[in-house]
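Participant: From first to last, the protein sequence lines stand for chains H and F. For reference, each letter of the first sequence is one residue, going 1 to 94 in UniProt numbering. For reference, each letter of the second sequence is one residue, going 1 to 85 in UniProt numbering.
Calculated directly from the structure, the hints in this document are not laboratory data. The model shown is predicted, which means the values in this text are computed figures rather than measured ones. Using N, Cα and C, we set each Cβ at its ideal position, and we do this for glycine too. Among these hints, one or two may not hold up.
Output of the computed footprint for chain F on chain H, the stretches with three or more beta carbons under 8 Å from beta carbons of chain F [as the list claims (entries may be wrong)]:
| # | stretch |
| --- | --- |
| 1 | 59 to 65 |
| 2 | 83 to 92 |
For lysine-lysine, the following PhoX-like pairs were computed, each having C-alpha atoms within a straight-line distance of at most 25 Å [claimed, not checked]:
| # | chain 1 | residue 1 | chain 2 | residue 2 |
| --- | --- | --- | --- | --- |
| 3 | H | K36 | H | K49 |
| 4 | F | K19 | H | K36 |
| 5 | F | K19 | F | K8 |
| 6 | H | K61 | H | K71 |
| 7 | H | K71 | F | K80 |
| 8 | H | K41 | F | K80 |
| 9 | F | K8 | H | K49 |
| 10 | H | K49 | H | K72 |
| 11 | H | K36 | F | K43 |
| 12 | H | K61 | F | K8 |
| 13 | F | K43 | H | K10 |
| 14 | H | K41 | F | K19 |
| 15 | F | K19 | F | K43 |
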Amino acid sequence: MAVPLLDPAKLQLVQELEIEMMSDMYNRLVSACHRKCIPVKYHEPELGKGESVCLDRCVAKYLDVHERIGKKLSNMSQGEAEADLTKINLQDKK
Amino acid sequence: MTEADQIKTFKDFLVQYNKLSELCFNDCIHDFTSRNLRPSEDKCTVNCMEKYLRTNQRVSQRFHEFQMVANENMLALAQKSGNPS
Numbered sequence: 001m002a003v004p005l006l007d008p009a010k011l012q013l014v015q016e017l018e019i020e021m022m023s024d025m026y027n028r029l030v031s032a033c034h035r036k037c038i039p040v041k042y043h044e045p046e047l048g049k050g051e052s053v054c055l056d057r058c059v060a061k062y063l064d065v066h067e068r069i070g071k072k073l074s075n076m077s078q079g080e081a082e083a084d085l086t087k088i089n090l091q092d093k094k
Numbered sequence: 001m002t003e004a005d006q007i008k009t010f011k012d013f014l015v016q017y018n019k020l021s022e023l024c025f026n027d028c029i030h031d032f033t034s035r036n037l038r039p040s041e042d043k044c045t046v047n048c049m050e051k052y053l054r055t056n057q058r059v060s061q062r063f064h065e066f067q068m069v070a071n072e073n074m075l076a077l078a079q080k081s082g083n084p085s
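Put together the whole structure using the sequences plus the hints.
Facilitator: As structure tokens, then:
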């Protein structure tokens with residue numbers, strides 16, 4: 001995504017926000033995959049084979065969904081920006 | 001590491017601690033006919049905690065692997081668009 005103003009203070013703010021967002025996403029990822037892959041019966045402390053495989057796939061799928069939604073969202077906001085631009089252009093022509 | 005970073009790390013740890021207590025309490029404790037933890041409940045909570053930490057460890061490994069691949073792809077893409085040879 002384009003950052004319109006590149007003055008250092010704002011850039012740092014954007015970077016901090018990005019890191020915060022990343023760690024929030026990571027925490028949600030751990031919670032979601034734990035909920036979906038680990039049964040509530042805690043008979044042993046080790047991860048079982050099936051649980052481990054489930055976690056691996058869960059992470060891959062979660063990140064896949066995250067990326068897809070990100071692309072969809074940026075497409076949508078881009079489409080909106082373009083629609084606004086054409087609107088402005090049309091108004092200018094009148 | 002600055003003081004602000006250390007405070008942030010400590011805060012993250014406390015949040016994690018509370019989350020883990022809540023999760024393992026909800027998953028392991030269902031019986032309130034006694035005020036003491038039963039051995040089975042104690043075992044369940046300890047296993048719950050260890051398992052969660054291992055889960056976190058594994059997810060973290062996979063997450064970083066994906067992160068590395070994504071970074072390499074970005075770098076390759078930037079180099080490609082930077083000098084079109």
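Participant: Between K49/H and K72/H, is the straight-line Cα distance small enough, at 25 Å or below?
Facilitator: Violated, because 35 Å separates the two Cα atoms, which is more than 25 Å.
Participant: Need the status of pair K19/F, K8/F: alpha-carbon distance at most 25 Å?
Facilitator: holds (16 Å)
Participant: Given the hint that K61/H pairs with K71/H, test it: the Cα-Cα distance must not exceed 25 Å.
Facilitator: Status holds; Cα separation ~15 Å.
Participant: For the pair we were handed, K19/F and K43/F, check the Cα-Cα distance against 25 Å.
Facilitator: holds (19 Å)
Participant: Tell me if the straight-line CA distance from K43/F to K10/H falls inside 25 Å.
Facilitator: violated (50 Å)
Participant: Taking only the CA atoms, is the gap from K41/H to K19/F under or equal to 25 Å?
Facilitator: Since the Cα atoms of K41/H and K19/F sit roughly 18 Å apart, the hinted pair holds (cutoff 25 Å).
Participant: Taking only the CA atoms, is the gap from K61/H to K8/F under or equal to 25 Å?
Facilitator: Measuring from Cα to Cα gives roughly 30 Å; hence the hint is violated.
Participant: Are there at least three residues in the stretch 83 to 92 of chain H whose beta carbon sits under 8 Å from a beta carbon of chain F?
Facilitator: violated (count 0)
Participant: Holds or violated: K71/H and K80/F, Cα atoms, limit 25 Å.
Facilitator: holds (21 Å)
Participant: Does K80/F sit within 25 Å of K41/H, going by the straight-line distance between their CA atoms?
Facilitator: violated (51 Å)
Participant: Can you confirm whether the C-alpha distance between K8/F and K49/H stays at or below 25 Å?
Facilitator: Given pair K8/F, K49/H is violated - Cα atoms ~35 Å apart, limit 25 Å.
Participant: Please check whether the stretch 59 to 65 of chain H has three or more residues whose CB lies within less than 8 Å of a CB on chain F.
Facilitator: Satisfied; 3 residues make the cut.
Hint check: violations occur at hints 2, 8, 9, 10, 12 and 13; the rest are consistent with the structure.
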